[in-house]
Amino acid sequence: MYCPRCGTKNEDNAVQCPGCGQQLMAQAPPQGVRPDIPNYLVQSILVTLLCCLPCGIVAIVYAAQVNGKITAGDIPGAIDSSQKAKTWSWVAFGLGLAAIVIQVILTLVGAGFASATQQ
Amino acid sequence: MQAFKKPFFLIGIVMLIMGAGVLLFMYNPSVSSIFPPCPFHKLTGLYCPGCGSLRALHQLLHGNVLAALDLNFMMVLSLPFVGYGLLAQGLRYFFDIKIPIVFLPAGLIWIIFGLIVAYGIARNIPVSPLTYLAP
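As they're listed, the protein sequences go chains A and B. If you're matching positions, the first sequence starts at 0 in numbering that gives the first Met the number 0 and goes up one per residue. If you're matching positions, the second sequence starts at 0 in numbering that gives the first Met the number 0 and goes up one per residue.
Where hints are given, some of them may not hold.
To be verified - Example chain A residues on the side facing chain B (calculated, C-beta under 8 angstroms, incomplete):
| no. | residue |
| --- | --- |
| 1 | LEU45 |
| 2 | THR47 |
| 3 | LEU48 |
| 4 | LEU49 |
| 5 | ILE56 |
| 6 | ILE99 |
Hints are computed from structural coordinates only; laboratory data are not their basis. Note that the Cβ used here is the ideal one computed from N, Cα and C, for glycine as well.
Make the full structure from the sequences, and use the hints.
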């Protein structure tokens, strides 16, 4: 189908237009067609195991909600949870990265300080 | 096959993954200091569910599956799922090639959630059988 707002060509079972964000599917799709709403479960597990656990865990909870709502036919709810899962995955990734960068800087500063006091 | 989208992004990601793989193969995170220690462990002294995952990847790259399982079996077990998921998403994003994306029922995701949380708690309990879960 083509997006009614911006004209981008989309999958027939697309729920949201990737071009402009227009919602394409108001209610549950026809029987047997599962709407294509990402739940970011893979990313959530990855950020959880690569160490920023609280936010990664939140993303996994939203990933579960996405699939639960898809099964229940609650498409707007699933899109909402999908967005939250995405946000929390990125927050987890960003915080994990920031913590490591800060720590490397502190270590370097500490090493520089130690060598300066030894001289 | 149509020309792939966003070639520089794709090349960047492939180089990043290969670079990380080479570094992880050459340097053992448990003896080398080029990998920063986990900030969470440094601050709290606790093991999170991801603790030992870099060391486990290093052992896996050297074919030591048992050593990897000993360091972080959650990481090793989730690797096929995570690897396939990333592959499916990557093929879709860059090449428009559609291999099925695994749809897990919500109940199963809740079980995975429970397992990860339980794993994170259990490996911090210093009682005999549970100590094997610590990295």
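For each hint, the structure was consulted:
no.: 1; hint: LEU45; verdict: holds, 6 angstroms
no.: 2; hint: THR47; verdict: holds, 6 angstroms
no.: 3; hint: LEU48; verdict: holds, 4 angstroms
no.: 4; hint: LEU49; verdict: holds, 6 angstroms
no.: 5; hint: ILE56; verdict: holds, 7 angstroms
no.: 6; hint: ILE99; verdict: holds, 5 angstroms
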